[in-house]
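> Protein chains in written order, with our numbering: chain Z, 578 to 669; chain V, 578 to 669; chain W, 578 to 669; chain G, 578 to 669; chain U, 578 to 669; chain Y, 578 to 669; chain A, 578 to 669; chain B, 578 to 669; chain E, 578 to 669; chain X, 578 to 669.
Watch out, some of these pointers could steer you wrong.
[Unchecked claim] Below 25 Å or equal to it, Euclidean Cα-Cα: the simulated DMTMM-like pairs (lysine to aspartate or glutamate) are: (1) X:LYS639 with B:GLU657; (2) G:LYS624 with W:GLU657; (3) Y:LYS639 with Y:GLU594.
[Said to hold, decoys possible] A few chain Z residues that don't get close to chain A, going by computed Cβ distances all over 12 Å: (4) ALA591; (5) ASN593; (6) GLU594; (7) GLY613; (8) ASN626; (9) LEU629; (10) ASP631; (11) LEU640; (12) THR648; (13) TYR655; (14) SER656; (15) TYR658; (16) ASP659; (17) LEU660.
[As the list claims (entries may be wrong)] Covered by chain V, according to a simulated footprint, are these stretches of chain W (three or more residues, beta-carbon under 8 Å): (18) 612-624; (19) 650-662.
The hints are simulated quantities; they were obtained by calculation from the structure and are not laboratory data.
If you're wondering where the values come from, they're calculated on a predicted model, not measured in any experiment.
We put the CB at the ideal spot given by N, CA and C, even for glycine.
There are 10 protein chains.
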Amino acid sequence: MVTAFILVNARRDAVNETAQALLGLAGVTEVYSTAGEWDLISVVRVKTNDELADLVTNHMLKLEGIVKTQTVIAFRAYSEYDLERMFGLGLE
Amino acid sequence: MVTAFILVNARRDAVNETAQALLGLAGVTEVYSTAGEWDLISVVRVKTNDELADLVTNHMLKLEGIVKTQTVIAFRAYSEYDLERMFGLGLE
Amino acid sequence: MVTAFILVNARRDAVNETAQALLGLAGVTEVYSTAGEWDLISVVRVKTNDELADLVTNHMLKLEGIVKTQTVIAFRAYSEYDLERMFGLGLE
Amino acid sequence: MVTAFILVNARRDAVNETAQALLGLAGVTEVYSTAGEWDLISVVRVKTNDELADLVTNHMLKLEGIVKTQTVIAFRAYSEYDLERMFGLGLE
Amino acid sequence: MVTAFILVNARRDAVNETAQALLGLAGVTEVYSTAGEWDLISVVRVKTNDELADLVTNHMLKLEGIVKTQTVIAFRAYSEYDLERMFGLGLE
Amino acid sequence: MVTAFILVNARRDAVNETAQALLGLAGVTEVYSTAGEWDLISVVRVKTNDELADLVTNHMLKLEGIVKTQTVIAFRAYSEYDLERMFGLGLE
Amino acid sequence: MVTAFILVNARRDAVNETAQALLGLAGVTEVYSTAGEWDLISVVRVKTNDELADLVTNHMLKLEGIVKTQTVIAFRAYSEYDLERMFGLGLE
Amino acid sequence: MVTAFILVNARRDAVNETAQALLGLAGVTEVYSTAGEWDLISVVRVKTNDELADLVTNHMLKLEGIVKTQTVIAFRAYSEYDLERMFGLGLE
Amino acid sequence: MVTAFILVNARRDAVNETAQALLGLAGVTEVYSTAGEWDLISVVRVKTNDELADLVTNHMLKLEGIVKTQTVIAFRAYSEYDLERMFGLGLE
Amino acid sequence: MVTAFILVNARRDAVNETAQALLGLAGVTEVYSTAGEWDLISVVRVKTNDELADLVTNHMLKLEGIVKTQTVIAFRAYSEYDLERMFGLGLE
Numbered sequence: 578m579v580t581a582f583i584l585v586n587a588r589r590d591a592v593n594e595t596a597q598a599l600l601g602l603a604g605v606t607e608v609y610s611t612a613g614e615w616d617l618i619s620v621v622r623v624k625t626n627d628e629l630a631d632l633v634t635n636h637m638l639k640l641e642g643i644v645k646t647q648t649v650i651a652f653r654a655y656s657e658y659d660l661e662r663m664f665g666l667g668l669e
Numbered sequence: 578m579v580t581a582f583i584l585v586n587a588r589r590d591a592v593n594e595t596a597q598a599l600l601g602l603a604g605v606t607e608v609y610s611t612a613g614e615w616d617l618i619s620v621v622r623v624k625t626n627d628e629l630a631d632l633v634t635n636h637m638l639k640l641e642g643i644v645k646t647q648t649v650i651a652f653r654a655y656s657e658y659d660l661e662r663m664f665g666l667g668l669e
Numbered sequence: 578m579v580t581a582f583i584l585v586n587a588r589r590d591a592v593n594e595t596a597q598a599l600l601g602l603a604g605v606t607e608v609y610s611t612a613g614e615w616d617l618i619s620v621v622r623v624k625t626n627d628e629l630a631d632l633v634t635n636h637m638l639k640l641e642g643i644v645k646t647q648t649v650i651a652f653r654a655y656s657e658y659d660l661e662r663m664f665g666l667g668l669e
Numbered sequence: 578m579v580t581a582f583i584l585v586n587a588r589r590d591a592v593n594e595t596a597q598a599l600l601g602l603a604g605v606t607e608v609y610s611t612a613g614e615w616d617l618i619s620v621v622r623v624k625t626n627d628e629l630a631d632l633v634t635n636h637m638l639k640l641e642g643i644v645k646t647q648t649v650i651a652f653r654a655y656s657e658y659d660l661e662r663m664f665g666l667g668l669e
Numbered sequence: 578m579v580t581a582f583i584l585v586n587a588r589r590d591a592v593n594e595t596a597q598a599l600l601g602l603a604g605v606t607e608v609y610s611t612a613g614e615w616d617l618i619s620v621v622r623v624k625t626n627d628e629l630a631d632l633v634t635n636h637m638l639k640l641e642g643i644v645k646t647q648t649v650i651a652f653r654a655y656s657e658y659d660l661e662r663m664f665g666l667g668l669e
Numbered sequence: 578m579v580t581a582f583i584l585v586n587a588r589r590d591a592v593n594e595t596a597q598a599l600l601g602l603a604g605v606t607e608v609y610s611t612a613g614e615w616d617l618i619s620v621v622r623v624k625t626n627d628e629l630a631d632l633v634t635n636h637m638l639k640l641e642g643i644v645k646t647q648t649v650i651a652f653r654a655y656s657e658y659d660l661e662r663m664f665g666l667g668l669e
Numbered sequence: 578m579v580t581a582f583i584l585v586n587a588r589r590d591a592v593n594e595t596a597q598a599l600l601g602l603a604g605v606t607e608v609y610s611t612a613g614e615w616d617l618i619s620v621v622r623v624k625t626n627d628e629l630a631d632l633v634t635n636h637m638l639k640l641e642g643i644v645k646t647q648t649v650i651a652f653r654a655y656s657e658y659d660l661e662r663m664f665g666l667g668l669e
Numbered sequence: 578m579v580t581a582f583i584l585v586n587a588r589r590d591a592v593n594e595t596a597q598a599l600l601g602l603a604g605v606t607e608v609y610s611t612a613g614e615w616d617l618i619s620v621v622r623v624k625t626n627d628e629l630a631d632l633v634t635n636h637m638l639k640l641e642g643i644v645k646t647q648t649v650i651a652f653r654a655y656s657e658y659d660l661e662r663m664f665g666l667g668l669e
Numbered sequence: 578m579v580t581a582f583i584l585v586n587a588r589r590d591a592v593n594e595t596a597q598a599l600l601g602l603a604g605v606t607e608v609y610s611t612a613g614e615w616d617l618i619s620v621v622r623v624k625t626n627d628e629l630a631d632l633v634t635n636h637m638l639k640l641e642g643i644v645k646t647q648t649v650i651a652f653r654a655y656s657e658y659d660l661e662r663m664f665g666l667g668l669e
Numbered sequence: 578m579v580t581a582f583i584l585v586n587a588r589r590d591a592v593n594e595t596a597q598a599l600l601g602l603a604g605v606t607e608v609y610s611t612a613g614e615w616d617l618i619s620v621v622r623v624k625t626n627d628e629l630a631d632l633v634t635n636h637m638l639k640l641e642g643i644v645k646t647q648t649v650i651a652f653r654a655y656s657e658y659d660l661e662r663m664f665g666l667g668l669e
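Chain Z extracted, bound-state conformation:
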């Protein structure tokens, strides 16, 4: 599983709508509205780097309410929870 954090600045009048739209994309498991430099952090959990590239470039960046994004890729996950099972990616 590849995890990535997509930091998002949304149009000022469309923060909630953008959060909802992000959540509707396959691979996005959580969206958080945050205090500080960025409006939203969306957590993406997909199977490969290539799926991530496709999600960001072809879907996320084309959402209307998005002004700017920055992708932080996690190259290793440490947890006592079975994240892959919890987010349904270990199957198939």
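Let chain Z serve as the given structure and place chains V, W, G, U, Y, A, B, E and X on it in line with the hints.
Just chains V, W, G, U, Y, A, B, E and X, lined up with the frame of chain Z:
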């Protein structure tokens, strides 16, 4: 539930050890090693802002391998998963 | 009580008007015009993180004179004054 | 009344102690521990710019736990609360 | 006397005109065109913080050639010159 | 006359002493303690760029309390005051 | 051989198209879509600094989907691979 | 294949030695000394994100001459060269 | 002689034309296209600070292809070449 | 000819000495002490990128008074002066 992302720069020779130490703290559900400006992102899920303050100030900042941290508080979570139940915070 | 500082850049020709408009929002107890990188600092004192999210996203960001904001959440307050009583939030 | 926000980075192992020490200085009415770039925001309410200079330069900067500070002066306050009376500065 | 330095970026084709317009405002004693990040530094010497707020917010920010400003307030002046007398503010 | 603003960060425990030491240097007409990114702004008024280079490099940078400086040269001054006469540089 | 990395921000809705267009330019041997501050890194391998100047200024900067670029020139290459032969530049 | 660019600041007196040491690590195919903010860019081509994590955290960060690094992960490669074959990663 | 480096960002489609236009201005002795944060560095060698102010403000900033500039003034030159004679400024 | 600008921060008490030491290196034609973010700009004019790499890495970075450098490579020079002849690089 209060969610926060703690961005961490660790001592260069102790990145793995710091990730493990962070994971040992109550309230830290995940730690990711990340590419970019920060070495680690740890996800904290606790019940109150005050618990978060206690975790960061009294426990996290005192870990030996930590050089610098920045806390990003999420003030609202959007997800189709029941995060509170998954991470065991809704109970009691 | 959750306290937050909302740093604001206002449209150059509408700094006073924006300060007044911010002060009219429920939860905003003080607005200061400041020297430096930001034009205004507004202090918000509400009961929950969720109320804060609602205030910022649905009301503050939609004020016309606002160009950019950054939210700094305080997760603990130290004071010899009884801030909750003074700002009328301990009641109900 | 002159209001100023003193943004503070404290020594990692002394954030609570520094907050308490700041609160002990005359003129400091509130200290908040905050998420983001700064560890603490302390609010100063004094009578003159000169008193502020004295507080920052001769007292605050000499506290042991302080690593870095930045002062943001408010040159005007908007509030429906009588801040001067509440914080006891209108008297004499 | 309150002294403040107002750092100014002017419209590229109107630097001289903006310098002249700034000099025409009551309270502005000097304007310098400068090398580096800012185009102009104007020095303001007024009697109170409130007068400064009025000058910046109601007059300076409304000048047409101004793109961006940043105010640096001096909270204490050291000089062997009698600045108040030289700039005519000690009187009245 | 060449005017320059020397922005100064001083050692935390020596801000006042550094201001006094700067004021003792020939060519420094004013020193201001300031809020924001820098602790002190000192104004230098000398006859040539070369004198300025000498003052900064050979004298100012060697003061003990100075941590960091940045020099902003003004290449033109606009004022209704006769600054050269006031600061005694037109003579000789 | 001169190697350079051209960091690119592309129009949000045209990242793939811009990557393809960059790859079509003579001298560009690889384009990578990347996480972080930049959308694309393109690697250029040409014979002289002047050829590089021509490629960047006359061709790359004129591609429609490009918003901003930054060129990082390598002045020496270390590799156990024969990069010049592999990328066909040692010939002629 | 996962490609990553590791931007490196080396100790001032050990730039060449650090470049050689980096080149000795399995997975590092090229190292370039560069002009600008970073001293070296090393290109890493490995099979998985996990191998990358291991290389950076357990080997690269422990080299003595390294002061600071930043990892930029490429999530997709565009090239007319068969990079996997050229750098010997398609096999096995 | 006063030397200054004018760092320039030009319109993306007019870098060469802007370089030529800069070179046409009296006082500009060299223009370099550069890699990194800025597109062009132009070197100015004139007789006085005032001439420099005039060149930058009244001529350079009005060129059409220029987006942003930053002036770095040299206050002393060290060289074994007789720069004043070489660039024809010592005469008259 | 390859031209590069090496921006230098020198030890506070050794700016003049560092300027002299830089000037003593083969390939450095001019050194300027500058106002702003950097203490010195040294201009390097050599025959190849490789000579430049050697000069910076093996000689410049090893000078004792140097704290930090940044190299800006010019990939094309525009001038009405015959710079190569003037700085004696066209010969041989």
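> All the hints need checking, so say for each whether the structure fits it.
How the hints compare with the structure:
1. X:LYS639 with B:GLU657: violated (41 Å)
2. G:LYS624 with W:GLU657: holds (19 Å)
3. Y:LYS639 with Y:GLU594: Distance of about 14 Å is within 25 Å: holds.
4. ALA591: Since the minimum Cβ distance to chain A is about 15 Å, ALA591 of chain Z lies beyond 12 Å and the statement holds.
5. ASN593: holds (20 Å)
6. GLU594: For GLU594 of chain Z, whose nearest Cβ neighbour in chain A is about 17 Å away, the distance exceeds 12 Å, so it holds.
7. GLY613: Answer for GLY613 of chain Z: holds, closest chain A Cβ roughly 17 Å.
8. ASN626: The assertion about ASN626 of chain Z is violated, with a minimum of 9 Å to chain A.
9. LEU629: About 8 Å separates LEU629 of chain Z from the closest Cβ of chain A, which leaves it inside 12 Å; violated.
10. ASP631: Not fine: 10 Å to the nearest Cβ puts ASP631 of chain Z too close to chain A.
11. LEU640: LEU640 of chain Z not clear of chain A: closest Cβ-Cβ about 9 Å, inside 12 Å.
12. THR648: violated (4 Å)
13. TYR655: At about 20 Å from chain A, TYR655 of chain Z clears the 12 Å cut-off, so the statement holds.
14. SER656: holds (21 Å)
15. TYR658: holds (24 Å)
16. ASP659: Answer for ASP659 of chain Z: holds, closest chain A Cβ roughly 25 Å.
17. LEU660: Answer for LEU660 of chain Z: holds, closest chain A Cβ roughly 20 Å.
18. 612-624: violated (count 0)
19. 650-662: holds (count 3)
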